[in-house]
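Colleague: Residues per chain, in single letters:
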Amino acid sequence: MSELEATNFPAEPTQSPPSHQEMALDDARRVKTLSPGMLVFKRFIRNKLAVLGLVILVLMFLFSFVGPFLSPYTQTQVFYKQDTISKDYAGAIYNTELRYSVHPSSSFEGGDRARFLLALGKGETVFSSGDRSFAFFEEGEGFYRIAELENVAEVMLGRVNPVGGYTLPPGFTEAFEAADAADEITFELNGETYVLSQVMKTTHISTQRDVAIASYSIFDAYRAEDNSLVGSYDFRLRSGMANVNDETSFTFNNREFQIVEHEGQVTILDDQGEPFAEVSDIIVNPLDQGEFLSVEFKALAREAINNRESEFEFTDANGVTTEYDINRVNTNYYIKRETTTTLINMFEFPTIAHPLGLDNNGMDMLTRLMYGGRISLMVGFVAVFIELIIGVTIGGISGYFGGWIDTALMRFVDLFNSIPQMPLILIFGSVMDTLEVEPMQRMFILMAILGLLGWTGIARVVRGQILSLREQDFMVATEATGVRTSRKIFRHLVPNVMPILIVTATGSLGGLIITEATLGFLGLGIKYPLASWGSIINISSDAFIMGTYWFMWIPAGALILLTVLGFNFVGDGLRDAYDPRMRR
Amino acid sequence: MKNFIIRRIILGLFITFFGAMLSYTVIRSLPTSYVESVARQRASNPLSTKTYQEWITELNQVYGLDKGIIPGFFGWLGNAIKGDFGESWHYAVPVTEKFSEVIWVSIILNIVTTLVQFFIAIPLGILAARKQYSRTDYAITFFALMGISLPTFFLATILKYVFAIKLQWFDLYGLTGRFHTTMTSFEQTIDIAYHLVLPVITLMMLSVGGLMRYTRTNMLEVLNSDYIRTARAKGLPEKVVINKHAFRNTLIPLVTSLSGILPGMFTGAMITETLYQIPGIGYISYQAIIRGDIPFAMFYMVFLILLTQVSILVSDILYAIVDPRIRVN
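Those sequence lines, one after another, are chains X and G. The first sequence finishes on residue 584 if you use our numbering, and the numbering steps up by one all the way, no holes. The second sequence finishes on residue 329 if you use our numbering, and the numbering steps up by one all the way, no holes.
Calculated directly from the structure, the hints in this document are not laboratory data. Just so you know, these numbers come straight off a predicted model, no measurement behind them. One should not assume that every hint holds.
Computed beta-carbon distance windows for the label pairs [to be verified]:
1) Lys-67/G x Pro-439/X: 31 to 39 Å
2) Pro-94/G x Val-78/X: 46 to 54 Å
3) Ser-541/X x Val-116/G: 21 to 29 Å
Residues from chain X shown here face chain G by an in silico Cβ test under 10 Å; the list is partial [said to hold, decoys possible]:
4) Leu-415
5) Ile-427
6) Phe-428
7) Gly-534
8) Ser-541
9) Asn-568
By construction, the Cβ of each residue, glycine as well, lies at the ideal position given by its N, Cα and C atoms.
So that you can see chain G by itself, here it is in the shape it has in the complex (with noise of 0.2 Å):
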């Protein structure tokens, strides 16, 4: 066990290794002309101190443009090892400091969207499981690959549309209240939490037909296994047999699906976060991004790399946990 999780470290290094290079590579390879318009965009940024050579210079010292690729990449590693990101184009600040500004937005509204999404999910697909083929597994079925299949612009700009639009129960963008900062401390946090409605919603939707599904899928699985057939063979009561033993051998594959998943919150919420306009991780990359803000935007794809590599690992883990017919292999 300890041979395979140490295994496991060294090949999650491995590859944000080779990814941050990979991603360091596509984004040296864009067109050296878009690189200084961005540096004559920012120099003329009032909020940016330097010039557009002084621009051009830091550019050449964070990412050694004069240099080749591969030097390149090993001082722009040198630098983030020591967690020195640069200082991000857009926000003229340190990279890192912009991302500790705004993480918990994020971290608030994935937490919130996925125990709503188990909530909602795992007790409609072991229903959907438990009654195959009825009109109750057809609705369920029918209702998550619509959640899969709406785009999640569609589905936020119809929340809005009807929500914030027509009957006027939400702000149609913003984290926070006109009258936010005139607030008393709970005041705020109840007005974030109502900020926060439609985008969990938007998340949820999205994310809550395909753990259904496989909620579902699993349960029938376990459902044909031979000890079910036991269980029931032996007389024991139909609550039993689905609580206790179906459903504790549905949560191998979940647990592993939870963690696949966190990754996918982030780069999910970016679509989302950036429709309802919620400073978080998401939008803010997206807008750093969009403006060629190299530094964030290298920041934020080795931030996701290393979370990928993070929750393959905890879901590994946690698989032997769970499942100890893998902790003896």
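For reference, chain X alone in the conformation it holds in the complex (with noise of 0.2 Å):
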């Protein structure tokens, strides 16, 4: 119908003969006919509202399955960025507990710790634990010496006698006596330091051997090869010593340490005048495992400790120069420094490397677009297909068959017709929402309902039109030479009802980019880590995203809206073409 009518289009010069003398179908007559294809080809072209729709569609097209090709960039690639955020690095605490140096030749074990504080708390001097008895003697603030003692010799009734084989020296017994005389605890004899203690009626007078120190400050030596040195026995029994007497030096393995005080803090120097060790009640350590903290930079964090600062500055060994923030929480300090991170770049605004910024993943919006763009318009062209497949049986049936099986068909689409869609689509989407459908099952599942959901009207218009070519005379005609009727259907009716098929696809692709959208944007749609245009619009609706990344929305929402134009104008100028009395 719509060819026969294109032929005689009164409006195409080369088809008015010029005289009804040359109406004969010569072959020179044939030349300058155009074929009905050609008539609706250029009819379209001269529509420029059709033609700007055309090129929309080409460029879209072009942007969605070429763009991702070109861009650099994947579909889910994050980009990350370097941002410096203060981050605690050490801690810092007043020791409060004793450290031990035990003497290489003997033990001071956990158990005989205890006793130790025990004694320390009750203002006993002597102490013993196990088998074993201890004395301990305050050499200096905090630092406290801790010999064993051995039983030489018992005074009974004002008489000494020996322990255990013990041959007392001459003179012992005077000694003893001026002591006890003097109410003194020890007294010494030939070089050898008795200790006198009480158990009921019976001073126990005992020799004593010193098996550990207990302070309260911290060694740190300034080489690494040092640390066993700094740590022995000797060295901190001589260098507390020192320090206690007020000396400032001593001298160690034949080595001469000088004792420096300054600002509350130690440094024992070495015979070159070198820095040695440094000493402090202060414990600073790294919070972070693996990371080693240099001497240098102990020192500095005690210093500003001491003196109540809140920052100071450090170089390290690399010259590089870095604050740090003293925080005090309780008795903790906590040093802080600007440490760079790395973070998911988000929200960026436009650059030359992402000229559409980045989104709410750190992703990079155009390329998002883009494979965006591919989804929806893929979801458009298989529910189109959809619809045309249901659509055209349904119609083709009905139209060509007619009577009863028509109006059955055509109750039921009207049936069909009455349900509405939206509800559906949103509940067909909640519940993928719930059973939580794969991002990809799910894009094939939504194709589908919007397929099965809008075949309606594709059959009535197959149907109106099969109806009206059924009495056309080339129907008349294959019915009389007994074309077969699958042959008379596919063969001649369905050619015949292409172009409006055509047109009406067309149209109702806008149609499903739209729906589609809208679920996308409401969430219902297509998932991440897969985007569609729809979905990338979905952030806006967070207002204060909307306000602020302008980025984030109006390229999304542009591109629906340009795409849906070009099939509104080229399903319009194809319309016209087709059938130009309805032309506007």
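Reassemble the complex: the two chains are provided individually, in unrelated frames, and hints are given to aid placement.
Modeller: Written out as structure tokens, the structure is:
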């Protein structure tokens, strides 16, 4: 029908014959006549809006299907940025626990230490642990020397008796009596120190042997190889004694060590005058495993803490100066520094590398739009294809057979048409949400649903078209020549329905893309990590993001608008071109 | 005519019946795990006074989930005819109560939109038809196609961005302002009207294009008919030709389209109401649907099906009133 109209269209100058004599169909005449398809094409090309629509569509297809190959990024590539944040680096605390250095040839274990602390708390100077007895001497503030006692004699009723075969040196009894009279607990004789201890009425006299020292000081060696030396019992004892006695130097292993006190900190210099070790009562530890703090850093941190400063600067071995902040929480000190950390680069405004910025997942917006366009267009096309298959089948059967089949099928179409689509699609969307359907599967289900719900329009159009075609002469001719039914339908009817099908399909593509985008916008359509134009705009339902980051939603919306506009222009143009009578 | 109307009513009831059945089948065919999870969710809702087991029992009662689909449907239908659509899961009140509470907002919104739309679309459509192929015609066509091609949510987002965020003339969401409760009833009316401006513009922009093109096409058809040529030939002024002879005849298809958009308004308004969070039937249903509130969803579907059938009936009757030729047949 439409091509009959088309060939008789009066506005075509090529067709209007110059005179009635030349109406015979000779070869020259045939050449001049344009085929119906060509006529449609020519009329389409003359429609400026339709051509504009076609150009838009071609650009959209290039953007969506070729664009991803040209984009340097992939769909789910996340971009990161470096940013500095203040992060805890080290912790410091005033030492409140005694540190022990034990003589290499003796032992002073946990149980002994507990007894010692007990005695210290009670103010006793002598204590026993197991079958060993000890005495301790406070040599200076927070510096204790612990010695093991060995009984040499007992004093009962003023008589001194040796114990365990010990031979009392001459003058022993006199020295003891002198000390006892003076109420002293130690006395010296021949360079040996004897300790007196009272058990019941018996006074024990013992020799003493140093086993350990206990102090609150922390020793940090400047060189790693000196650590064992600095940690050794003898070094601790010598340096501690020297410090207590306010001496400025001491000798150890034939080396002369200097003690320099400076603002509550003690530095030990070696015989070359180089810093050898730091002594302090502040513990500084790194908060991160595997981090190593240099002695210099610790010294600076301690100095700052002692001076109640809230920040200090430290230049490390590589000459990099960093600022540190000290934050006090109760008795703990936290040393913070600005650390560069890798963060996901979210909501970056457009730059040259990312012409449309980065989205809320730190992904390139332009690339997402390309892949999103692919899915939006594909969903539209697959859905239209499903619509066409169902619509043509049902419409074709209905129109061709007519009668009760037609009535039944058309009532079915009415029925199907009456069911509201949007609520149904929303129901499916939320069910897929609940069942946590895979994003890819979801896309296929969405295509199927959109296609299954939208075929009624096409069925009606096809039926109407076939009903009118059925009455025409060429169909009577197929009847007369006995053409098979299937051939009649597919060879003679379907090609005649094709034009109107293309027009209807183009028109419904726009609608399908809008429906898909609406679903995506409501968060019920395509899901992350896949993207569609609608689901990209989804984020703009957050009013803050909508107002602040225009690039998050305006480009995607503009693409949808342009594409749908393109389909509508082309659909309009095609309809006008096929059926010039209806031309606007 | 009487026979025709009776036949149409019977067909409408028939379609409503099977439409409801189809909707019911779809909803019933949803995976049961979903129904169970909904029941669980509803049971943990502080608004709910029922336990999980009670919800399941209620599901079975209302929908006959223990029965087959067909007996289940007739059970639902029996209650529905008596006006009992069950209790909404999401709102925890009877469905019909919630419906009558919110429907007036949608009605106001749609009536205002339809009026505005007709006042804009018909004059512009006629103008475009009279000056066919002129610059005005192209501009109007372009504008109309633009309106058709705009997705609701994008238009709404742009309007919100410009008028609510940048210019701050309107609120982003809602039907009432912050001080609504302290206002006098007159101020409250003004407040609601003020909040409906953006939704009305959105709805209007979306449908005005289609109507404009429809008017234009019909007007063109009328203008090309013989009686217009006759009217012009006998020397009637152009004004009379257009207003008296042409326009009256374009009314026929317009009246049909008026009733045709009736159900579309409620589904179309669903998205718009959701975007502006206007508590009309669309937004309320949307919330119920995405939360799997089956009684409400079922009610909304049947409501729309019925609305479609009524609108078809009304359009047929109106057609007969406007066009005497149909009455004869």
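Colleague: All hints are to be evaluated individually against the structure, with a verdict given for each.
Modeller: Each hint tested on the structure:
1. Lys-67/G x Pro-439/X: 31 to 39 Å: 36 Å, holds
2. Pro-94/G x Val-78/X: 46 to 54 Å: Because 49 Å falls inside the window, the suggested range holds.
3. Ser-541/X x Val-116/G: 21 to 29 Å: Between Ser-541/X and Val-116/G, where Cβ atoms are some 26 Å apart, the hint holds.
4. Leu-415: Interface hint status for Leu-415/X: holds (5 Å vs cutoff 10 Å).
5. Ile-427: Holds - the Cβ of Ile-427/X comes within 10 Å of chain G, reaching about 6 Å at its closest.
6. Phe-428: 9 Å, holds
7. Gly-534: Holds, about 8 Å.
8. Ser-541: 8 Å, holds
9. Asn-568: 5 Å, holds
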